[in-house]
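Protein chains: 2
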Amino acid sequence: MISAALNGNIIVTATAEAIATVITDLRALLGERLSTGAAVRGHHGKDLSHHEAALPDAVAFPGTTEEVAAIVRICAAHRVPVIAYGTGTSLEGHINAIEGGICIDLGGLNRILKVNTADLDVTVEAGVTRMDLNAHIRDSGLFFPIDPGANASLGGMCATRASGTNAVRYGTMRENVLALTVVLADGRIIRTARRARKSAAGYDLTRLFVGSEGTLGIITEATLRLYGIPEAMSSAVVGFDSLEGAVNTVITTIQSGIPIARIELLNSAMIAAINSYSKLSYAERPTLFLEFHGSPAGVAEQAENFGAIAQDCGGGDFAWTTKTEDRTRLWQARHDVAYAAMNIRPGADMITTDVCVPISRLADCILETEADFKAEGFPIPIAGHVGDGNFHTILLYDHKDPDETKRAFALNDRMVMRALAMEGTCTGEHGIGQGKRDFLIAEHGEAVSVMRAIKTALDPDMIMNPGKILKP
Amino acid sequence: MISAALNGNIIVTATAEAIATVITDLRALLGERLSTGAAVRGHHGKDLSHHEAALPDAVAFPGTTEEVAAIVRICAAHRVPVIAYGTGTSLEGHINAIEGGICIDLGGLNRILKVNTADLDVTVEAGVTRMDLNAHIRDSGLFFPIDPGANASLGGMCATRASGTNAVRYGTMRENVLALTVVLADGRIIRTARRARKSAAGYDLTRLFVGSEGTLGIITEATLRLYGIPEAMSSAVVGFDSLEGAVNTVITTIQSGIPIARIELLNSAMIAAINSYSKLSYAERPTLFLEFHGSPAGVAEQAENFGAIAQDCGGGDFAWTTKTEDRTRLWQARHDVAYAAMNIRPGADMITTDVCVPISRLADCILETEADFKAEGFPIPIAGHVGDGNFHTILLYDHKDPDETKRAFALNDRMVMRALAMEGTCTGEHGIGQGKRDFLIAEHGEAVSVMRAIKTALDPDMIMNPGKILKP
Numbered sequence: 001m002i003s004a005a006l007n008g009n010i011i012v013t014a015t016a017e018a019i020a021t022v023i024t025d026l027r028a029l030l031g032e033r034l035s036t037g038a039a040v041r042g043h044h045g046k047d048l049s050h051h052e053a054a055l056p057d058a059v060a061f062p063g064t065t066e067e068v069a070a071i072v073r074i075c076a077a078h079r080v081p082v083i084a085y086g087t088g089t090s091l092e093g094h095i096n097a098i099e100g101g102i103c104i105d106l107g108g109l110n111r112i113l114k115v116n117t118a119d120l121d122v123t124v125e126a127g128v129t130r131m132d133l134n135a136h137i138r139d140s141g142l143f144f145p146i147d148p149g150a151n152a153s154l155g156g157m158c159a160t161r162a163s164g165t166n167a168v169r170y171g172t173m174r175e176n177v178l179a180l181t182v183v184l185a186d187g188r189i190i191r192t193a194r195r196a197r198k199s200a201a202g203y204d205l206t207r208l209f210v211g212s213e214g215t216l217g218i219i220t221e222a223t224l225r226l227y228g229i230p231e232a233m234s235s236a237v238v239g240f241d242s243l244e245g246a247v248n249t250v251i252t253t254i255q256s257g258i259p260i261a262r263i264e265l266l267n268s269a270m271i272a273a274i275n276s277y278s279k280l281s282y283a284e285r286p287t288l289f290l291e292f293h294g295s296p297a298g299v300a301e302q303a304e305n306f307g308a309i310a311q312d313c314g315g316g317d318f319a320w321t322t323k324t325e326d327r328t329r330l331w332q333a334r335h336d337v338a339y340a341a342m343n344i345r346p347g348a349d350m351i352t353t354d355v356c357v358p359i360s361r362l363a364d365c366i367l368e369t370e371a372d373f374k375a376e377g378f379p380i381p382i383a384g385h386v387g388d389g390n391f392h393t394i395l396l397y398d399h400k401d402p403d404e405t406k407r408a409f410a411l412n413d414r415m416v417m418r419a420l421a422m423e424g425t426c427t428g429e430h431g432i433g434q435g436k437r438d439f440l441i442a443e444h445g446e447a448v449s450v451m452r453a454i455k456t457a458l459d460p461d462m463i464m465n466p467g468k469i470l471k472p
Numbered sequence: 001m002i003s004a005a006l007n008g009n010i011i012v013t014a015t016a017e018a019i020a021t022v023i024t025d026l027r028a029l030l031g032e033r034l035s036t037g038a039a040v041r042g043h044h045g046k047d048l049s050h051h052e053a054a055l056p057d058a059v060a061f062p063g064t065t066e067e068v069a070a071i072v073r074i075c076a077a078h079r080v081p082v083i084a085y086g087t088g089t090s091l092e093g094h095i096n097a098i099e100g101g102i103c104i105d106l107g108g109l110n111r112i113l114k115v116n117t118a119d120l121d122v123t124v125e126a127g128v129t130r131m132d133l134n135a136h137i138r139d140s141g142l143f144f145p146i147d148p149g150a151n152a153s154l155g156g157m158c159a160t161r162a163s164g165t166n167a168v169r170y171g172t173m174r175e176n177v178l179a180l181t182v183v184l185a186d187g188r189i190i191r192t193a194r195r196a197r198k199s200a201a202g203y204d205l206t207r208l209f210v211g212s213e214g215t216l217g218i219i220t221e222a223t224l225r226l227y228g229i230p231e232a233m234s235s236a237v238v239g240f241d242s243l244e245g246a247v248n249t250v251i252t253t254i255q256s257g258i259p260i261a262r263i264e265l266l267n268s269a270m271i272a273a274i275n276s277y278s279k280l281s282y283a284e285r286p287t288l289f290l291e292f293h294g295s296p297a298g299v300a301e302q303a304e305n306f307g308a309i310a311q312d313c314g315g316g317d318f319a320w321t322t323k324t325e326d327r328t329r330l331w332q333a334r335h336d337v338a339y340a341a342m343n344i345r346p347g348a349d350m351i352t353t354d355v356c357v358p359i360s361r362l363a364d365c366i367l368e369t370e371a372d373f374k375a376e377g378f379p380i381p382i383a384g385h386v387g388d389g390n391f392h393t394i395l396l397y398d399h400k401d402p403d404e405t406k407r408a409f410a411l412n413d414r415m416v417m418r419a420l421a422m423e424g425t426c427t428g429e430h431g432i433g434q435g436k437r438d439f440l441i442a443e444h445g446e447a448v449s450v451m452r453a454i455k456t457a458l459d460p461d462m463i464m465n466p467g468k469i470l471k472p
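Each protein sequence line maps, in turn, to chains U and Z.
The first sequence: position 403 = 403 (the UniProt record's numbering), numbered continuously.
The second sequence: position 204 = 204 (the UniProt record's numbering), numbered continuously.
Some clues are possibly wrong.
No distinction is drawn between identical chains; accordingly, a pair holds when it is met within one copy or between any pair of copies.
In the SDA-like style, the derived pairs of lysine to any residue whose C-alpha atoms are separated by at most 20 Å in a straight line are [unchecked claim]:
no., residue 1, residue 2
1, K279, C313
2, K114, L420
3, K114, A421
4, K279, R327
5, K323, G37
6, K374, S140
Honestly, the hints are just simulated from the structure, not real lab data.
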């Protein structure tokens, strides 16, 4: 057996002998906590994306940072790839073992190590999920705001620089990680920072590892910022005459300094999809879902000021909700957009697109994308984190139809290149993984050589999640 | 002539011949815009800190990014050090040419390239100062909040990860830089990101260069976040019975989600110093200077809620001010703390200390520091960005008294080690420069080897601001 999932331009870094030796050594270390079974490997060899499965040769289940380091040292000694695994909810093939090797499932690192209420921070192991964390700290009056939709592991959210619906107010993982514990490619363990809120002490290793997708090291612990649960929260839904009106409302809202907590845009096609899927009855037009956090008076004032702006921009009547169960229902519908969109064409394959542009270009970018999809005959349900200029289309196609598949991928390519032409990015929050490595070069040009120099310096044998972010 | 400012553990990277050749080549490129005059070199060979002057061999005055790149290429060809210079207001010897070489004064890169009001961002050249930027954009209703006190260049503020009094609300340079143009050690020019608010596209090069102090490349342009000028601003001063009371007020305020814009702590000794220097008459006790930004009603509510918290923690009467000229006078007094402290002992030398701890440890850290200074017989004026856990003492000593000098530096050493023992950092905002390289290792341990690997990968000949952050 040699490494799985070979293809033309992938370098095989590990021989069958090396992998067999590593498995023997790992078995001695982990016993039953190493699996080579097909089902376990299959479960760990594919994420939620359209990328083809690529199975690891074995899956390790460590319980501590030190065990992760020991596993990496064994793999490093034989130049066998190491792929970190959180919950498998990535969207660009991040966890697929495209050169084979050992998957490290971090689910066993699931301890919440220290909640510092006075400092508004918490230190967790990488396998803790965001919902587990929020359940654990609820009684302290604190919460962790970053919400990518899936109940992802916090280590995985660090590794992919996740964000989501709250980012307009609270930032992304980039802004909310204070420090990381990382196992390097040779098994050394580092801590990237301490618990101080800010520091000017040397290179910002925390931000370097946030978003590095397991290619520079394996994140095993994270210290995260927490926030007080707002005294009042109020959500609303409002439809607009035009997409430009909805986007202009957001631009003016942010310029006015209204600290909106969530502001999400759904186009007419997506509203139709969620009406059908979630049994709702919103008017089928460009619609904003919004949420305000603050004191009762503050939330009321924000809502009033926002309402005046929306009215000037062609906004219709607001459907307000402040009761927790109603708010939950509203945001559940928003979180279910992927399922709602899939329901447009049951059984279809799906590309979850993800571009982000300066907000002044957002309406143009969405309208041109809609026109392009329409011309090609694809449905075009769109949902976007409009405060950040980030939006997704759910691109439904049938992989058994080669022509349609080709046209679907070409649409995604054009969507990315359109965003780049508008000074945007090829990925707002899903990351590069396997799927956007060429776009990374289109976006960053010469700067990719700096990324490659860093990769080579920190992982000279290219064993850390090889083939992700950078092509070999 | 060989490189200036040799000492035991500094490696000389450039021979006299190399420097002479570089100066000849630069003269051909820049003509009169290259200076080897003693006065110009002297002006560029010392920052505002206690570190001894170390003069560059010549100072170049480029006008464009391309000229900076051409200068770096010439220096790189002969392995001659290159030191970027903004306004010379750094506080740890950042710009001192401790191995000689060519200083690049970026003051000629002073264009504000593009203000995008809808996107709340601006692209500037590195030599633009923060006050120039704010004067330029005032009529647009926008402002750039980061305020380190000095009217520093924005390139220098990027390079040192500057922050200051507004960081508790608006973040530091880390959170407010969207993209950078950087000249690398071999003269290549890269752009680290585009204008999208967020991106998950590859390694976060922006954050890597923010805070890299000119050791990885030279920042020549920056795209920065802007904010709407708040509709209402209100400032206040309030004294406390105890330092713990003042700090607990801040902790509770932040936990409550009150979006305070500035919250600064001055201890009794600093209040006495500013009373004397700025002709004020505050009661000599631990005192908070604060500012609220928002709508008129929002600011009033914040102030009321804050007042209730302060009263519970032993706060006295508030001195409120909303008129612009009064607010300016109040914050001018705060900004002048260094001059006020120097006025305690005119003619003394000064170490501007800078540590940052988790806020739960701040009162302990300050009280232990005060006791240590008192035991050694030094005045102890303290000012702190208390919302971030960051504080400074102005350590006054006479460098002509060897014993006093030794005791002053030992006090600074103990202050840093105390902060590290409390999970803090050796520098909240001033950076490592020359002065804190050993503390960097004490703080980060093995992680410093990762910083060194990155430095070696991006600057293999060690010509970019050598001897800063990392020892050779």
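Structure-based check of all given hints:
{"no.": "1", "hint": "K279 x C313", "result": "neither (28 Å within a copy, 52 Å between copies)"}
{"no.": "2", "hint": "K114 x L420", "result": "between (42 Å within a copy, 18 Å between copies)"}
{"no.": "3", "hint": "K114 x A421", "result": "between (45 Å within a copy, 17 Å between copies)"}
{"no.": "4", "hint": "K279 x R327", "result": "within (16 Å within a copy, 55 Å between copies)"}
{"no.": "5", "hint": "K323 x G37", "result": "neither (47 Å within a copy, 72 Å between copies)"}
{"no.": "6", "hint": "K374 x S140", "result": "neither (49 Å within a copy, 39 Å between copies)"}
Of the numbered hints given earlier, the model fails hints 1, 5, 6; all others are met.
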